[in-house]
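Chains as they are written, first to last, in my numbering: chain A, 4 to 201; chain B, 4 to 201.
Simulated from the structure, these hints should not be mistaken for lab results. In this text, all values refer to a predicted model and were calculated from it rather than measured experimentally. A hint or two may mislead.
[Claimed, not checked] Simulated crosslink set (DSS-like; lysine-lysine; CA at most 27 Å straight-line):
(1) B:K6 to A:K63
(2) A:K63 to A:K6
(3) B:K49 to A:K6
(4) B:K63 to A:K6
(5) B:K160 to B:K6
(6) B:K49 to A:K195
(7) A:K113 to B:K160
(8) A:K49 to A:K63
(9) A:K49 to A:K6
(10) A:K49 to A:K195
(11) B:K63 to A:K195
(12) B:K113 to B:K160
(13) B:K63 to A:K160
(14) B:K49 to B:K160
(15) A:K113 to A:K160
(16) B:K160 to A:K49
(17) A:K6 to A:K195
(18) A:K63 to B:K160
(19) B:K156 to A:K49
(20) B:K63 to A:K63
[What the hints assert, rightly or not] Partial chain B-side listing against chain A, Cβ under 8 Å, derived:
(21) V60
(22) Y78
(23) A130
Each residue gets a CB set at the ideal place from its N, CA and C atoms; glycine is no exception.
Residues per chain, in single letters:
Protein chains: 2
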Amino acid sequence: MAKTLELFYDFGSPYSYLASTQVEAVCQRHGAVLAWRPMLLGGLFKAVGSVAPALAVAAKMPYLMVDLQRWADHYGIPIAMNPNFPMNSLTAMRMAVAADERGHQVPFLKRVFAAAWAEGADIGDPATLVRLADEAGAPGAALLERASAGHVKEGLKANTEEAVRRGAFGAPTFFVGDEMFFGNDRLSFVEKALEASA
Amino acid sequence: MAKTLELFYDFGSPYSYLASTQVEAVCQRHGAVLAWRPMLLGGLFKAVGSVAPALAVAAKMPYLMVDLQRWADHYGIPIAMNPNFPMNSLTAMRMAVAADERGHQVPFLKRVFAAAWAEGADIGDPATLVRLADEAGAPGAALLERASAGHVKEGLKANTEEAVRRGAFGAPTFFVGDEMFFGNDRLSFVEKALEASA
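Starting from the given sequences, assemble the full structure and let the hints guide the process.
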């Protein structure tokens with residue numbers, strides 16, 4: 004069986020954006036399969052009794068943008084604090100689950116992450132999400148409609164509950180088998196684990 | 004003027020311990036002067052309205068030890084969760100300030116960090132601190148006595164207030180000039196800043 008890297012992500016998390024730009028290359032380097040796992044960070048926080056760190060403590064906010072910019076420079080990618088932060092990602096995450104059913108998740112998530120964290124788009128707005136899906140070559144209107152289907156809602160909830168059950172408390176969270184890694188800044192440890200796994 | 008790396012630390016912070024084992028080599032590589040800045044993390048948390056992350060959210064605790072072990076393996080150093088965690092570091096931090104007045108801060112802090120994070124010592128216990136200071140070649144009993152002197156208490160308070168004023172919200176916090184870096188896991192960015200600074 005091929006080794007797998009699972010990435011639990013939420014569009015509202017800028018560190019998930021950073022990680023999303025790197026994980027495909029990481030998997031390529033180690034011959035690993037990448038499993039994108041959309042979850043609802045707000046639901047995860049609620050389940051573990053946490054809140055977004057940068058929102059809970061005012062002093063963390065100015066540093067957040069500095070730190071994100073350093074990572075973006077390090078990766079050579081664009082980044083911009085979103086004026087709509089913190090964003091309601093519920094519809095977007097449900098659309099990611101819906102997109103996955105027809106093989107559209109990856110182009111959709113890449114487009115949404117870029118819009119959220121390099122273009123200042125309001126990804127809480129359904130019309131914006133439809134446009135972004137269309138731009139990614141996915142059927143935006145159909146995805147938005149399917150986002151409210153029961154099994155799609157349940158699918159997102161199940162992913163989130165699975166993340167909680169496996170020990171996650173934030174995003175992005177990676178798994179290599181049972182080994183959990185929290186944060187874009189642990190990708191080098193993720194690589195070591197992929198290298199070590201059979 | 005030589006470039007300087009300032010490190011604000013607290014003995015109760017395991018990530019400060021990790022960083023403490025690396026910063027001298029970092030400074031050597033970049034011809035930088037290292038300024039060890041003892042502060043009181045509890046006071047910092049109080050000032051910025053925060054709490055220790057691993058204590059605020061139960062789900063973070065099991066991951067904490069896993070993550071610390073990964074870093075210790077990465078650095079090739081010993082680590083062990085302290086049964087006394089979270090520890091009251093007030094006397095130890097005051098002794099670090101007192102030790103600094105006679106040039107004993109560095110051997111003292113290295114001994115205390117190792118005792119706290121590799122040997123399970125109770126660094127909230129004054130007698131233990133005296134022993135550790137003696138083992139580090141510093142006059143333990145004298146340091147403990149000076150720890151309660153007004154100017155030593157004020158010195159620790161001033162360091163903590165300075166950290167707050169400059170934007171810190173946790174430990175370890177590094178400064179290269181005005182640039183702030185939070186966390187052992189940002190040492191590679193600290194190195195880049197030292198490389199870029201005149």
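- request: If any of the earlier hints don't hold here, list their numbers in rising order.
  value: 2, 3, 6, 7, 9, 10, 16, 19, 22 and 23
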